[in-house]
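J.: Chains as they are written, first to last, in the numbering used here: chain D, 191 to 528; chain Y, 191 to 528; chain Z, 191 to 528; chain V, 191 to 528.
Hints are computed from structural coordinates only; laboratory data are not their basis.
Be careful, since some hints might not be right.
Looking from chain V toward chain Z, a few residues come up when the C-beta cut is under 10 angstroms (computed) [to be verified]:
hint: 1; residue: 379
hint: 2; residue: 380
hint: 3; residue: 427
hint: 4; residue: 521
No farther apart than 35 angstroms at their CA atoms in a straight line, the calculated lysine-lysine pairs in the DSBU-like style are these [claimed, not checked]:
hint: 5; chain 1: Y; residue 1: 380; chain 2: Z; residue 2: 380
hint: 6; chain 1: V; residue 1: 380; chain 2: Z; residue 2: 380
hint: 7; chain 1: V; residue 1: 380; chain 2: D; residue 2: 380
hint: 8; chain 1: Y; residue 1: 380; chain 2: V; residue 2: 380
hint: 9; chain 1: D; residue 1: 286; chain 2: Y; residue 2: 286
hint: 10; chain 1: D; residue 1: 380; chain 2: Z; residue 2: 286
Bear in mind that the values here come from a model prediction, so they are computed numbers and not experimental data.
Note that the Cβ used here is the ideal one computed from N, Cα and C, for glycine as well.
Number of protein chains: 4
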Amino acid sequence: MPASRRPTVAVFGAGGYAGSLAARLLHGHPIFELRFITGRGDVGQRLDRVYPHHRVPLALEEADIDRHADVDAAVVAYPHGASAEFVAQLRERGVKVVDLSADFRLRDVETYEEWYQPHPHPELIGNAVYGLPELYRDQVAEAELVANPGCYPTATILALAPLARAGLIADVIVDAKSGVSGAGRAATDKTHFVTVDENVNAYGMPRHRHTPEIEQELALLGSATTITFTPHLLPLDQGELVSCYVTLSDSTVSTGELESLYRDAYDREQFIELVAEPAGVRAVRETNFCRMSLHRDDRTGRAIVFAAIDNLWKGTASEAVQNLNLMFGLPEGAGIAG
Amino acid sequence: MPASRRPTVAVFGAGGYAGSLAARLLHGHPIFELRFITGRGDVGQRLDRVYPHHRVPLALEEADIDRHADVDAAVVAYPHGASAEFVAQLRERGVKVVDLSADFRLRDVETYEEWYQPHPHPELIGNAVYGLPELYRDQVAEAELVANPGCYPTATILALAPLARAGLIADVIVDAKSGVSGAGRAATDKTHFVTVDENVNAYGMPRHRHTPEIEQELALLGSATTITFTPHLLPLDQGELVSCYVTLSDSTVSTGELESLYRDAYDREQFIELVAEPAGVRAVRETNFCRMSLHRDDRTGRAIVFAAIDNLWKGTASEAVQNLNLMFGLPEGAGIAG
Amino acid sequence: MPASRRPTVAVFGAGGYAGSLAARLLHGHPIFELRFITGRGDVGQRLDRVYPHHRVPLALEEADIDRHADVDAAVVAYPHGASAEFVAQLRERGVKVVDLSADFRLRDVETYEEWYQPHPHPELIGNAVYGLPELYRDQVAEAELVANPGCYPTATILALAPLARAGLIADVIVDAKSGVSGAGRAATDKTHFVTVDENVNAYGMPRHRHTPEIEQELALLGSATTITFTPHLLPLDQGELVSCYVTLSDSTVSTGELESLYRDAYDREQFIELVAEPAGVRAVRETNFCRMSLHRDDRTGRAIVFAAIDNLWKGTASEAVQNLNLMFGLPEGAGIAG
Amino acid sequence: MPASRRPTVAVFGAGGYAGSLAARLLHGHPIFELRFITGRGDVGQRLDRVYPHHRVPLALEEADIDRHADVDAAVVAYPHGASAEFVAQLRERGVKVVDLSADFRLRDVETYEEWYQPHPHPELIGNAVYGLPELYRDQVAEAELVANPGCYPTATILALAPLARAGLIADVIVDAKSGVSGAGRAATDKTHFVTVDENVNAYGMPRHRHTPEIEQELALLGSATTITFTPHLLPLDQGELVSCYVTLSDSTVSTGELESLYRDAYDREQFIELVAEPAGVRAVRETNFCRMSLHRDDRTGRAIVFAAIDNLWKGTASEAVQNLNLMFGLPEGAGIAG
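Start from the sequences, fold in the hints, and give me the full structure.
T.: Set out below in structure tokens:
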């Protein structure tokens, strides 16, 4: 692309919560030009009718690879499996892709097929970069295909990375709490207001699909372990908190040493906030921040780490834009820094 | 039925919010015996699986008039139109019926057909009693077919009856606010948690179907008027508040006289609470109470009446039980008085 | 001030909800430079400790007129009465002021003193401009003292202005609904989560202080009338909806003509959104937009107008910035347009 | 007391959430007669003014031991420390007491003084029975002083008792989630609607006072262990969920064997519900039920137990009535079984 024009981008699957927010962020982006948005259910409707608060005046079109691949980059917000098929076509045409599905997150195709389904394009997995900028910034900058992390993995891996890198995680239990937007736009018994209001319960028991993604990354960082991961649904719309209970592999490590690991990892990160009080989700609502606090349970020796994100922002759509920014050599916070 | 046994009852349409609550109240009723519950979507399932908090250990059956009409009374929680058909069959078999639909609320079939649809059994309308016990207690006691009022009409008519009887209503605007359970169990965009949370908006504009029901009753009481009725959806599960702005036909009436009208009407009513502060819905949650406050806007002369109910209880299911109690000569509060 | 430097601004009373948001918007403003923030309760604390989501890294100072008046402009978020005293001192020192209190909103000091308290600086009232940019854009641009409208008046006056200007308002009832942030930061029985949750009720009966402000503006626009204004508290944090029921002075005016009045008034307004469906507050959360819909009740002839704003944004703090922008000749949406 | 009359009861500290609910349950109790209620802040006010939804028409009096000890039993809802002083006086006068504070929960006074404060009446500890009816039914029936468990301990100990008795708990992490009523009636920054709404965060880090109470009971049951207990605050009013992650001391025990332990412990318990799906709090709202589900994480071998209660009911006030029923030889569910 010539240096003189704005890079163009399309969002495929902009009818859902994640895709529509990606469209909003890219529509308001100072450098990218949002050219197309596609959807299934509301074809022909303007997105600002379907999601008034996003104020994107483009109409949702039916996806047409020939017409819509004429862009520099794409965000693909398709269901698992369907995504890989479509991403393959975009890649053939040279479009850089940030994929919001799980299709390219797991480096091991067998693990993918155990937790999901047969993979239609395993040959692409090797080229994909796991799009957690705080861990893989340089690789993302070189990537043409980025697998955007899941929302729970984003929070959990960021929460645990400093300990994992130091090889300090002997065992970890992640009790996760999410707002309802994490369940998506589908109207079901589970997302009905009357079901959720004044309620809280675990779901996805006993094996949530985000588990292998978290284990893969912890292992790559230096702490191979089998985790317990249990998500809960809460009566709020956006926001996700992970409470991570870590049994340390070295019980003699001091709290001060643990704190140093976090400061070293994150003090220069634009979108990570280390705080002393237990992190809450309200402080990160509609932002790309991950807010985090580290605590020590002196009676058991455990480290407890809380990490709070907005599941639709840092957990999905604004993280996708953060990745796009890196892939195009732009300031990392362009269009998502408030 | 012999005096020595408990009257039996069936709830048809117990898979919805209203019907399932009626089933709960009748299952726990000290005198009625709940014999059958029927539903469409969850046939074969026990109701305490579908609605755990109701704790009704009966299974939902597919409605079978021959089998299920073998009861003394029925609560019918069917959609408008479908209800009249089924009620007719129950009445042929001698079953006393409380019908939760609108099918027998409007005394004038033409008005019904203007706001709803062709009426399959207009001949039954004349025999139906409008089941607002505080207004029609004696008629309900004699009735074999009771049309249970709508939730908004229950609150609005109770709020305005003392003024209507005195012929004091020149004009009235009803701004109504309801929790989401009023929209029923159907999972739609409108009942999705993320749509409702942190939101409030009017709906059913400009003509909500509860309007003619309210106008009919005000006219019968003595104040024929065309009202403006506008419901709003609120982020809460159960509860309904009507804010009634009344232009009085006689501006010289004193506030003290207005207050007397309300005390005279309601001081001996078990389920009406007159209070000084603006009535709120939290105080009536999961009760058969209608809580009410009367205010005077001295600058305009208007009377302002707030009435709060639980839309599923006094607005629907517990009011149905209150009617059943009257129809069987039982204490009016049996099974619904906490 | 020399053209080459950024105009400086201070926020007085930045410890409350309104002032802290004004501080956030000015801290992130592309042109203004936020120099000081003052508060009472949290002096010495950084604002990002008190309000983490605003991310303003300045410390709250105790107000010191000599030190803090060294700015080009000030936003004053003080209680009624206290504000006028302080504003007078700022004006003496030549600081341009946007005042968030009611002290300079009412042009008639007697009306102010009837609804509030003795006014310490009535001589300043004549110089103040009522800061509703959509109505008084040119005057605000020339003003040195702007009285920022109340949140309810902002929504109500915008909702009714096209009708008022046409002299069409014979009578109006405003049923207003607000989130809890409108009650401010003070922790009381009324703002306790358990009081508000699953509740809705009117408050401020029978005479809310925003009434004369609305009546003043309607009269100035061309429709002198005594209004009924009744606010309700809702279980949400930010957002305000006014439902305005207007009896028209000319019942022959067509719905099309009414619609034209609104289009003519607002089609070119950056921050007004005219929509067909009843406006809801979720679509304007954390924005400077006022979203509005006009409906006709054909049975009564009434016009019904809904207007939704975020009470802390367009209802207070972002409107204050909109006014500041005008006062300094900046683009009206600078720093508040998302 | 003569067999022919109803036992009388007083509630001390009825101005708070727990005490007022105890008053409601005892006022509506079929056998107890509620004679006095006392409070500090609202002396002279009728309780149905302060808590309309409880509908208790008694006035709050200032506590007077001479006057108010003329009852058969008392529920004391005083702060820790203050409670022991008052309970001692009641016991001297022969009044049977259920104490809602922590003052008599810990059998070891040193532990109490480490986590709370100096204990004014350690001599009474030995006579107190820990009032968890499902574990100590017979002792409660004989007791004259019952220490009502904390809300978190109620849920947690019930969740873990079958495993603890079998000596199967090697280690346990309890991630607890509570509604805001658990923080009490005091209006603070932390209970302000705007703080809690759309939020979730941990609190009481790193040492919550309920920890030793849980550890004491687990040890008595057979599993002495140091636990990690972390409560979180959720945007709902009533309801508490504990998510218990248990490392089993014997990894060869089968899931079927674990399930048998729970069925054996609880199948005949009136107020325990064992369910297959993860237990949620909405199903137990305003009830004395503890709803519980057991799951096995096959990948790690852990047992995961969820237990849901209403913190004000089974967690406090209805459990107190359950204890009173036992102490007076009444049916255990009298007045609390819906």
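J.: Could you tell me which of the numbered hints above are not met by this structure, giving the numbers in increasing order?
T.: Result: hints 4, 9 and 10 break, sorted rising.
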